[in-house]
Structures are given as C-alpha cells and as structure tokens.
Amino acid sequence: MTSRSEGPMTLAEMRTGQTGTVVEILGGHGFVRRLETLGIRPGKRLTKVSSTLFHGPVTFKVDKAQVAVGFGVARGIIVQVDRYLPPGP
Amino acid sequence: MMRILLVGNPNVGKSALFSRLTGIRVTISNYPGTTVEFTKGHIKLGEEQAELIDIPGSYTLEPSSRAEEVAVEMLKEGDLAINVVDATNLERNLNLTLQLLERGIPVIVALNMWDDTRHRGISVDTTRLEELLGVPVVPTVGITGQGVSDLVSRLPEARIPAEVRTYASGDERWARVGDIVGQVQTLSHRHHTWTDALEDASSHRLGGIVIALLVLFGTFWFVRLVGEAIIDHVAEPLFEWLWTPLLMRLSVALGPETFWHSALIGRLIEGQIDYLQSFGMLSTGLFIPLAAVAPYIISFYLALGFLEDVGYLPRLAVLMDTLLHRLGLHGYASIPTILGLGCNVPAVMATRILESRKERFIAATLISIAVPCAVLQAMIIGLVGQQGMGYVGIIYGSLFMSWVVIGMVLNRLVKGFTPELLIEIPPYRLPSGRVIIEKLWLRLSGVVKHALPIILVTVLVVNVLYNFGLFDALASIAAPVLTGLWGLPKETVVAIVIGFLRKDAAMGMLAPLALTAKQLVISSTVLAMFFPCVATFVVLARELGARDVLKAVAVMLVAALIVGSLQNLIL
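Chains L and H are the protein sequences, given in the same order.
1 is the number of the first residue of the first sequence in the working numbering; add one for each residue after it.
1001 is the number of the first residue of the second sequence in the working numbering; add one for each residue after it.
The reader is advised that the hints may include incorrect statements.
To be verified - Straight-line alpha carbon distances no greater than 20 Å define the calculated EDC-like cross-link-like pairs of lysine to aspartate or glutamate that follow: (1) K64(L) x E1438(H); (2) K64(L) x D1115(H); (3) K44(L) x E1091(H); (4) K64(L) x E1091(H); (5) K61(L) x E1438(H); (6) K61(L) x D1116(H); (7) K61(L) x E1172(H); (8) K64(L) x E1048(H); (9) K61(L) x E13(L); (10) K44(L) x D1171(H); (11) K64(L) x D1125(H); (12) K61(L) x D1125(H); (13) K44(L) x E1047(H); (14) K1449(H) x E1438(H); (15) K44(L) x D1179(H).
Honestly, the hints are just simulated from the structure, not real lab data.
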C-alpha cells in the first residue's frame, strides 16, 4: 500500500475515520496552550471519531485518549490527512 | 504535621487513592472534575500522622478554571506531592509531572490504573521511568487498592530529583516528555473489545442520540420503579406495622387537643394517623424524609452512580453542547445540571468546572430555578402523581421550558463569553459495585443527616405558628399574588414560606389543603422555581458572591411569577 498526502485541512473538514498529523494550531496563546495540555499540538497523530449535527462538537482520538472539542475549536486545528491509494498494478 | 498532596490530571483516580489511603469515603466518578474542592484526611507513616489532601485534578500548573486554581494554590502549602499518573495516558500526564518536579517539592509518582495498561496493549518500564524522572515510581490500582501499601512504604523515598531540570518553553518540556515516553513505553496491538464498540456507537452522529434517549428513558424508568418498590414493600409497611401502633398509644397517652399532641402527632384524620396529612413531628415529620423521599434518593443515586462510573456523562455533554450553547453554556454544564436532579447543593458547587464567570452564573441560576432535586421530585411524584402522571408531566414540561427560555434570555443579558467545549472523554469502565454502594451511602447519609433535623424543626415551628395564628396574617398579605395571579387558595402561603427551608416539607404541607389538580401543578411548579432551599442558597451565595446572588434571586422571583401566572391562564 502506498500513501500520499493532499493539502492540509481543518479537523472540522476531515471525514469520520480519517487519520492525520497536526501541522498547526490557529489561535491565541491561551488557546494553543489549552489544547497542548490535552496532548494536541503540531506533530501529533489524530483520528477523527465523529461529528455531531448542527456544527456541534467533533470527537477524535489522540494517543490513547478520546477528546471532544467544539466546532470552532475544530476549525482551528489544521491537519495533514493521510491518503491511502490502492496498491498499483 | 507533614502535609502530603495528591496531585494529577483530572480523572486519573486521585480520589480513589485518597479513599484507599485514608479510609475516608469520597465521591469517585469516571469523569474529569468530580473533585472541585480539596478533601483532607490522615494517614499513618510509621509512628507519625500525616495530613493527606486530595486536590482537584489539573492538566497544568497554569490554571484555566477555578477548580484548577484551587489545585495550584494548595501546592504552595504541601511538604510532599504524590503525583498520580494515568499509566494508560503517559504523555499528557508526564507533562504535569515535569512541571511539578520544577517546583522543588519532593515527589513520588503513583502510576495509577496499572490494571488497565495490559488490556490496552501498553507496557511501561517503571525502573527506567524512575531513573529518567529521578523520583520513585510505584504502580497502583486505586479502585482495588493494589499497590497502595507499596506506595505508603515508599513515601519516605519521595524526593526532589538530584538534578532539577527547568524548561525554557512549553515546547521544550513536551520534547522531553516525548523522549521519556519513547524510552519507557511499548505499545502492542490489541483486540477491539465490546466496550470499544459501545464507545464508537455512543460517539456516532445518530447512534449517540438513540443511545442517549435509551439511557435517559431507562434511567427514569429505573428510578421510578425502584423508588416505588422500596416505598410499597419496605418503607410504608414498616411505618404501618411498627410505627403506627406506637404513635396511636402515644396519642391516647397525650390526650387529644393538647399542644404536645398536635406538635408530635398532629391531627388525626377520622381517628387515624395519616402520614401525609397529620403533620406532627413524629408522624409526617419522620415519614416524609424516611419513607417518601429516601427511597427515591436511593434509586436516583444508584442510577446516577452507575452512569458516572461507567463514564457516560461526558458523552452526554458532547451531545448536549449545541443546545447548551444557545443558553450561554457549553456541553460540560450538563454534568452539574444532572447532579442537580439529585441535590442542588453539590450541583451548584460543581459549576466550578466551568471556565467563565458568565457560564457559572447562568448554570447555577438555572439549576436553582428549573432543576428539581430528587427530594422535591419524590414529593411531586408522590403527591401530584395521585391525580395522574399527566400532571407530573406538565410540571416537568414547564420546568424544562423555563430552563430553556430563561437560559436564552440570560445568554443575551449576561455579559461575558462562553468558551467552546474542550474535554477529554474517559473510556467506558465496568463500575465497581463497592464504589457505587459507598457513593450511594455517602450521599444518602448526607441527605438524611441534613434533612431530618431541619424537617423536624420545621414541622414544630409550623405547628407553633399555626397556634398563634401568624399564618392567617401572612395569608391575607400574600392573597393578591396567590389568589389573583396563581389561582391558589391563600392557605398555600404556609407551604410557600416553608419552601424557603425545605422543599419536601413544603410539598407535604400542600397535602392537607385539598387542592385541585391544577392548583397542585401550579403550586408545585412555583415551589420548585421561586427560591432554592436555604442550603442551596448558602452555597449559591458563596459561589456567586453577594451581588450576583441577588441578581439570581431576582430572576427566580420574576420567573416564578410569570410561569405560575401562565399556568393559571392556560391550564
């Protein structure tokens, strides 16, 4: 299986089940630090678990922990999503 | 005396360890933020006594909520810190450990939830971790007590590391954490378990909603069924067979129409004691807390304890987030609110887990207005339920609508911001029966201990005041509001006044008034809304401060006036 990346997107835009690497956290110092305390910072791998209706919270896994953040927070987390291509002929 | 602090991230099992170390029962649940105040206890270290303090969990020593502030303030006063670390989540936990080591306080690490590591496919090299941190590391399981004696025997080894590292930036500290985790932790593949499947289902966009509805419906059903069963098969028979004959003898001995007869036994209804109507200290005064209310307290807290320990509540918080944002709150405010369905006092205290002042004000005010505690609910179901459960439904519906509408109004009026949801969702855990029963006992004895004396005194005072005719005077003063707006007979003023003290006693006073179903609905709703009981009021004043508590009271009075009048018009 080969893997190739496409452009980064926000956690809010990711599809359920997608995995990727955090590249950037957009927001003020306090915001960045608060996410950091939950283990969310550039370089971390995360998997989106679910989203809720009406732009509600987004749930994802980082390390062994599950974390839920508001939609606005999710829009500040920029992720480079892994993209798996089917093995070539 | 030496002061030992239990420090760690939220929901890593500090309170379970505290309970194991001191033998003191404290509330333990599977969600971050159970402990919002520090709890003190004592442990024996050889010949010496030491003080052990359980501190609210914190992700960092740079606090962002009031519960976290409490943690950091306490740290200055400790002689030694037991750093409780969740072994299944090393990276995030060790960041706090490194911050703690920089503070120059002797530290010992309790690597807690050790039993969870194996089935999660995690193995940790504790010897290497000890070397890297420079302080002792002891694997423990707080819930079962495994490793706790090791922890105690190694407490004297707690130390400040030989070489105290400080970090110029958070990034540098994280890099060090990553380095340590890389050296001590090995991950292996593990099988998907049934709790994983359940976790996935309850996070699912639609599955989550279905599960939430099932849980809420099931909980309500369980609480009513178990509560009623205890009343019908235990509490009432005990009173009828054991207590009534004794009281009847006492009644004869005291003689009718004497002061002590009316104070202790109350009025006889057709020559018999009617526990809901007689209103003597030993009849109604004992019956309400022990037979009408306690059974529902037991069934409610059994259900709540189970949901707490399984780890369901944070998932509900996620689902409620969108609605709660409309009310100026975020999802996590659903946890204090649910606690309020048990008792408003710990619920108002639990609003400390919310970050902004605006949120705390709205959450606490809404809880005191529109979240009926278990005691009040038991009386509503017992008294109004006799007229048909539909009327009970109207009361709950009115309270829920008030909760939504008042929240939306307050969201507009109160200045400040509502932060976004940002929470860790704990894994589902099979609850320990012992923990649930201990927690139930803690809460039940708290309610009975606080409620019983107040109810007895209330009943006595009411009887005395009746004899002096004071309530007649009050009734005429309050008549315009009671009769004019709410359509209630003026005698209900007694119940409303007693509502300041205890809601259950107040509801009990409605029983002898022969109210119509509509009047019962209105008076119950107004009783629930117009003022919290005195115990809640005290906590509310402490948490909000003098000025905000006055605002909250104003909101309550206005809301009760409007909702009571609307019900009178519509029903």
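Do the hints match the structure? See the list:
no.: 1; hint: K64(L) x E1438(H); result: violated (30 Å)
no.: 2; hint: K64(L) x D1115(H); result: holds (15 Å)
no.: 3; hint: K44(L) x E1091(H); result: holds (11 Å)
no.: 4; hint: K64(L) x E1091(H); result: holds (10 Å)
no.: 5; hint: K61(L) x E1438(H); result: violated (33 Å)
no.: 6; hint: K61(L) x D1116(H); result: holds (18 Å)
no.: 7; hint: K61(L) x E1172(H); result: violated (24 Å)
no.: 8; hint: K64(L) x E1048(H); result: violated (40 Å)
no.: 9; hint: K61(L) x E13(L); result: holds (16 Å)
no.: 10; hint: K44(L) x D1171(H); result: holds (13 Å)
no.: 11; hint: K64(L) x D1125(H); result: holds (18 Å)
no.: 12; hint: K61(L) x D1125(H); result: violated (24 Å)
no.: 13; hint: K44(L) x E1047(H); result: violated (48 Å)
no.: 14; hint: K1449(H) x E1438(H); result: holds (16 Å)
no.: 15; hint: K44(L) x D1179(H); result: holds (14 Å)
In the structure shown, a violation is registered for the earlier hints numbered 1, 5, 7, 8, 12 and 13, in ascending order.
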